[in-house]
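Okay, here's what each chain looks like letter by letter:
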Amino acid sequence: MASLTLRGVRKSFGTVEVIKGIDLDVASGEFVVFVGPSGCGKSTLLRLVAGLEDVTSGTIAIDGEVVNHLPPAQRGLAMVFQSYALYPHMTVYDNMAFGLKIGGDRKADIDRRVRDAAEILEITPFLDRLPRQLSGGQRQRVAIGRAIVRNPRVFLFDEPLSNLDAALRVTMRIEIAKLHESMAGTTIIYVIHDQVEAMTLADRIALLNAGRVEQVGTPMELYQTPANLFVARFIGSPAMNTVPCVIESAAVGTKVRPQGGNSVAVAAAIPGEAAGSEGIFGVRPEDLKLTTESDAIFAGRINIVEKLGEVTMIYITTGDEPIVAKLRGDVGAKKGDNVGLTAPLECLHVFDHEGTAFPRTLG
Amino acid sequence: MIAKLVRGAAFYALVSVIVVVAVFPFYYAILTSLKSGTALFEVDYWPKALSLANYVSVLTTGTFLRNLGNSLLIATVVVALSLLLGVTAAYSLSRIRFRGRGLLLITILSVSMFPQIAVLAGLFELIRALGIYNTPPALIFAYMIFTLPFTVWVLTTFMRDLPVEIEEAAIIDGATPWIIVSKVFLPLMWPALVTTGLLAFIAAWNEFLFALTFTSSSTQRTVPVAIALFGGAGQFEIPWGNIMAASVIVTVPLVVLVLVFQRKIVAGLTGGGVKG
Numbered sequence: 001m002a003s004l005t006l007r008g009v010r011k012s013f014g015t016v017e018v019i020k021g022i023d024l025d026v027a028s029g030e031f032v033v034f035v036g037p038s039g040c041g042k043s044t045l046l047r048l049v050a051g052l053e054d055v056t057s058g059t060i061a062i063d064g065e066v067v068n069h070l071p072p073a074q075r076g077l078a079m080v081f082q083s084y085a086l087y088p089h090m091t092v093y094d095n096m097a098f099g100l101k102i103g104g105d106r107k108a109d110i111d112r113r114v115r116d117a118a119e120i121l122e123i124t125p126f127l128d129r130l131p132r133q134l135s136g137g138q139r140q141r142v143a144i145g146r147a148i149v150r151n152p153r154v155f156l157f158d159e160p161l162s163n164l165d166a167a168l169r170v171t172m173r174i175e176i177a178k179l180h181e182s183m184a185g186t187t188i189i190y191v192i193h194d195q196v197e198a199m200t201l202a203d204r205i206a207l208l209n210a211g212r213v214e215q216v217g218t219p220m221e222l223y224q225t226p227a228n229l230f231v232a233r234f235i236g237s238p239a240m241n242t243v244p245c246v247i248e249s250a251a252v253g254t255k256v257r258p259q260g261g262n263s264v265a266v267a268a269a270i271p272g273e274a275a276g277s278e279g280i281f282g283v284r285p286e287d288l289k290l291t292t293e294s295d296a297i298f299a300g301r302i303n304i305v306e307k308l309g310e311v312t313m314i315y316i317t318t319g320d321e322p323i324v325a326k327l328r329g330d331v332g333a334k335k336g337d338n339v340g341l342t343a344p345l346e347c348l349h350v351f352d353h354e355g356t357a358f359p360r361t362l363g
Numbered sequence: 001m002i003a004k005l006v007r008g009a010a011f012y013a014l015v016s017v018i019v020v021v022a023v024f025p026f027y028y029a030i031l032t033s034l035k036s037g038t039a040l041f042e043v044d045y046w047p048k049a050l051s052l053a054n055y056v057s058v059l060t061t062g063t064f065l066r067n068l069g070n071s072l073l074i075a076t077v078v079v080a081l082s083l084l085l086g087v088t089a090a091y092s093l094s095r096i097r098f099r100g101r102g103l104l105l106i107t108i109l110s111v112s113m114f115p116q117i118a119v120l121a122g123l124f125e126l127i128r129a130l131g132i133y134n135t136p137p138a139l140i141f142a143y144m145i146f147t148l149p150f151t152v153w154v155l156t157t158f159m160r161d162l163p164v165e166i167e168e169a170a171i172i173d174g175a176t177p178w179i180i181v182s183k184v185f186l187p188l189m190w191p192a193l194v195t196t197g198l199l200a201f202i203a204a205w206n207e208f209l210f211a212l213t214f215t216s217s218s219t220q221r222t223v224p225v226a227i228a229l230f231g232g233a234g235q236f237e238i239p240w241g242n243i244m245a246a247s248v249i250v251t252v253p254l255v256v257l258v259l260v261f262q263r264k265i266v267a268g269l270t271g272g273g274v275k276g
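So the protein lines, in turn, are chains D and Y.
The numbers in the numbering used here rise by one with no breaks, and the one at position 42 of the first sequence is 42.
The numbers in the numbering used here rise by one with no breaks, and the one at position 12 of the second sequence is 12.
Since the hints were derived computationally from the structure, they do not count as laboratory data.
Every value quoted in this text rests on a predicted model; they were computed, and no experiment measured them.
Fair warning: there could be bad hints in the mix.
No farther apart than 25 Å at their CA atoms in a straight line, the calculated lysine to any residue pairs in the SDA-like style are these [to be verified]:
#  : chain 1 : residue 1 : chain 2 : residue 2
1  : Y       : 183       : D       : 105
2  : D       : 289       : D       : 312
3  : D       : 101       : Y       : 187
4  : D       : 101       : Y       : 190
5  : D       : 326       : D       : 196
6  : Y       : 183       : D       : 138
7  : D       : 255       : D       : 228
8  : D       : 307       : D       : 237
9  : D       : 107       : Y       : 187
10 : D       : 326       : D       : 267
11 : Y       : 183       : D       : 133
12 : Y       : 183       : D       : 267
13 : D       : 101       : Y       : 199
14 : Y       : 183       : D       : 113
15 : D       : 107       : Y       : 183
16 : Y       : 183       : Y       : 199
17 : D       : 289       : D       : 320
18 : Y       : 183       : D       : 320
19 : Y       : 183       : D       : 82
20 : Y       : 183       : D       : 128
If we strip away everything but chain Y, and leave its shape as in the complex, we get:
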């Protein structure tokens, strides 16, 4: 009886430690963002006075809204392009027999092995040559380097497991490859699309190094860079209140996205098409 209680208590103690470690930094960011003035430098664990001054200041001064828009645009386009290319590539990699398919798959995977810093210089030259330096396309282009490999891999694996007969039935019905992908496979692939899409979105949303390197003007920056480069009133002042408010604002879209799509991630849709 006592052993059972102890075990239960230990279990919940462990759970609370994990939750605290995971959530506390964000909680503290929210807490800080709601403080103002010198209260910022007092250590509190419970909100005392709530002030939205930092939020107002972040949203009204500087280019933060514009940066938020940039991030949203870039991450959305990256997800859309990655999924489009990923699905079409996955179809050919999983369903069409051709020489060198395995090699191609390994090559695609190996692209994601290079550290960002290793490709930075070459990529910089490439972006300058393409004339897209300091524009959203530069970041979209750069982000595809790390979103495409895992998108293609996850979707290829998923598509390989879809029953071949369904595709053959569609071929007999006169479907072109594009119709097969868009009308037959896509609806069955929602869980994989949502998962990979979310991961790609988060990766693009959080990315810092490329965003720092390939933009130069404050209106072209994405939020992670913008927040890092926030300047205070004086040279030696770090505007913690604004930074925390901005961080909270930046986190919200991700949380919303995950909550909206989590049902889709869990749901399996292939039931009943083939035997079993």
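Next comes chain D alone, as it looks inside the complex:
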């Protein structure tokens, strides 16, 4: 229903700049996740959108209308807080109706909207209870219900599942995904520090680091074509293997030699003048596989074997950095074995010495 546009958004607290110029377009009906390490500014950015903080400079527009100076309630959005933030002295019903009552809606209208939302979230039996009589999951549903009844143009979620236990989190995650589908056209901004949640929920992910957007794209874009080293290391678990490399030939027939490894052809558009310079070579643990042929990129002795059932992790040391491989099933490798590891051409990443990825030359 509503698009969201950020242009050059900056925010300083005193002399500390927390948000350092962010441009972002969120299309109507899109589910965008802000993800990043602690202190990257993702929650602050959400609070700026909500209007709980004022921007230092830049503009925030909803549906093309600049909302910088509108108070939160007039921006047409709703927010779900990490700590639920329910009104402790009000029943579930009153919690959900509070905003509507302030807005001066008709009583019958309020009642219908509250009951509809309660129905969707399956909290109808609890409408007369106080928050303290509910479990964590139920409280979070009430918090979501309070947001739904406002019929917002933009939904803001601030780490809504962080306080729930692991099992409940998975259930609620699926419910939020369903909720997004059922509310066609509602734009959702969702802040989370857990990359798994980000990958599963998002239409697009905005990965933030130190107050800047590192990359915006679909989860698979971030996974397959990270724009820089930070993105490459943040997305995926265990993190991508990154080792220094020498760019042996560029422009045509691009080849790099990773430290402690063998020279390998890569599908990266490296300008000719970069030949001979230093770069960084990256490959995801799950893309590596064992090889006995001469195509091994890395070869070495296995230091550690971790058998997790569905996968086996092996750690080998070739140069200064240990290389991790995540192999499907039980591969039967033992500690002390000498093995070779290789990966397909399309799974190899090359970054320049500043960490920016060279563009890919494959699809």
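Fit chain Y to the supplied structure of chain D, relying on the hints for placement.
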């Protein structure tokens, strides 16, 4: 075994000493108030003959009822105004970031450091200038000097501990600061409101010096002053019976208030709003 008994006995002996010290003066006042005539001057520790003559005399002669009304009015208005100003001030002092907030808080606290006698003369001039001398507003105004600092401080501390998210949720819901204070914070602050309200009430109810200074006619006095100025039949007679009866009457409202609100003081109301 014996050591245990001794320790238990010592404990209860200490408790009874404390209780006797705390309660005996009041008990003796009740006892005296129920005596009449020359029995007043005999030292008894148990009531012998009960007479309500002193109560009747206090309530029917003179201006005592009027004084009681004055006290009630003044203390109630002081509590109401202190809580209203205290809550609104606490909101801005605990939730709004502005320059000099810490200094302002210290200043408010420092107001309560001056002894009453130090501000008496200046306050007298101020009250004369405002034209409220010898009226209840004079006392209400003066009492706020000592009720506001601790009301503001206690409420500010309490409000600072209320979760910020609840307030932010209310802001998103479109609540104005006044709605946040009245609909969201006030219901959560009952324990603090009751405690500070009671303290303010007791302070205003018992106050003597200002009440003595800022009133001149017997109909404008509050009870502590009225009791102190009770005159006997003759110049050298102190009407102990009446004084004791009046003292007992004056104490009752406080005891009732504390009993009514003690549950509220204990009860915590914030459970379940945020995580935990």
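Going through the hints against the structure:
no., hint, verdict
1, Y/183 - D/105, "17 Å, holds"
2, D/289 - D/312, "11 Å, holds"
3, D/101 - Y/187, "17 Å, holds"
4, D/101 - Y/190, "23 Å, holds"
5, D/326 - D/196, "17 Å, holds"
6, Y/183 - D/138, "23 Å, holds"
7, D/255 - D/228, "19 Å, holds"
8, D/307 - D/237, "16 Å, holds"
9, D/107 - Y/187, "23 Å, holds"
10, D/326 - D/267, "22 Å, holds"
11, Y/183 - D/133, "21 Å, holds"
12, Y/183 - D/267, "63 Å, violated"
13, D/101 - Y/199, "35 Å, violated"
14, Y/183 - D/113, "21 Å, holds"
15, D/107 - Y/183, "18 Å, holds"
16, Y/183 - Y/199, "24 Å, holds"
17, D/289 - D/320, "21 Å, holds"
18, Y/183 - D/320, "62 Å, violated"
19, Y/183 - D/82, "22 Å, holds"
20, Y/183 - D/128, "18 Å, holds"
Violation of the numbered hints given earlier is confined to hints 12, 13, 18; the remaining hints are satisfied by the structure.
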